[in-house]
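Trainee: Model the placement of chain L on the given structure of chain D, informed by the hints.
Number of protein chains: 2
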Amino acid sequence: MEALGLHVLMEFHKCPFEILNNLKALELTMNDAAKASKATIIKSVFHQFSPQGVTGVIVVAESHIAIHTWPEHGYAAVDFFTCNMDMDYKKAYYLLVHNLKSKVYTYRSIKRGNLQYKDVGYELSKN
Amino acid sequence: MEALGLHVLMEFHKCPFEILNNLKALELTMNDAAKASKATIIKSVFHQFSPQGVTGVIVVAESHIAIHTWPEHGYAAVDFFTCNMDMDYKKAYYLLVHNLKSKVYTYRSIKRGNLQYKDVGYELSKN
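Here the protein sequences come in this chain order: D and L.
Residue numbers for the first sequence follow our numbering, beginning at 1 and rising by one.
Residue numbers for the second sequence follow our numbering, beginning at 128 and rising by one.
Do not take every clue at face value.
Stated by the list, open to error - Chain L stretches covered by chain D per the calculated footprint, using a threshold of three residues with CB under 8 Å from any CB of chain D:
| id | segment |
| --- | --- |
| 1 | 129-138 |
| 2 | 170-179 |
| 3 | 236-242 |
Please keep in mind that the hints were generated in silico from the structure rather than gathered at the bench.
We put the CB at the ideal spot given by N, CA and C, even for glycine.
Okay, chain D solo, but in the shape it has when bound (with noise of 0.2 Å):
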């Protein structure tokens, strides 16, 4: 399959409050895994919740990594979009897994622009 993107969906449980409640500390560790993944990142944009809750994202040269934290249910959802296919997501993802000190954690992929259906021709979804 011929894909122009690929997004990739990071689930982390079992984190504690503190960490995903601390902006700072998250913009920090979100900006070290799109190095890790050696993404460019073009801007940086992080947002406190009240009374809890972080919400970030990060535009890169590759498309986006955004986070977003539940820390009442020890809980971050995570993505990262790119269009390079050789960015290395695994090594962020395990930053990650690391930083927020989880302790149940998931990834899935999902390939986007997929070229197949560009001369479908009729709508593919209406519902």
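Mentor: What follows is chain L alone, placed relative to chain D:
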């Protein structure tokens, strides 16, 4: 299944080159899509690539909305990540179909943060 977030991955094929390479129009369309879905916009970051292509991320109170375009392939990838299951992403989807003038489009939605995993207590995936 109890999930904390919903991640909707949208694919838009057969879009005109000019539309997918127009940063200002795409930023307007994506902000309109965010409003149509009733998301609360926090920050919008868009970037033009050379020789073509646009990446844009809107950080919203409900998580994030992102677009990456490949004008040379007539393709745009959009994702809506929301922690509000009532967010009306379908309104945003049809607004995007219309504004991007896509002739072949589809989406899939993926639940994120499945709390049934939180007590598994072991690593779910290593590869």
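Trainee: Given that the segment 129-138 of chain L was listed as covered by chain D, double-check it with a C-beta distance under 8 Å for 3 or more residues.
Mentor: holds (count 5)
Trainee: Closer than 8 Å Cβ to Cβ for three or more residues is the test here. Does the segment 170-179 of chain L pass it with chain D?
Mentor: holds (count 4)
Trainee: Examine the segment 236-242 of chain L for residues whose CB is less than 8 Å from any CB of chain D, and state whether their number is three or more.
Mentor: holds (count 5)
In this structure, none of the earlier numbered hints is contradicted; all agree with it.
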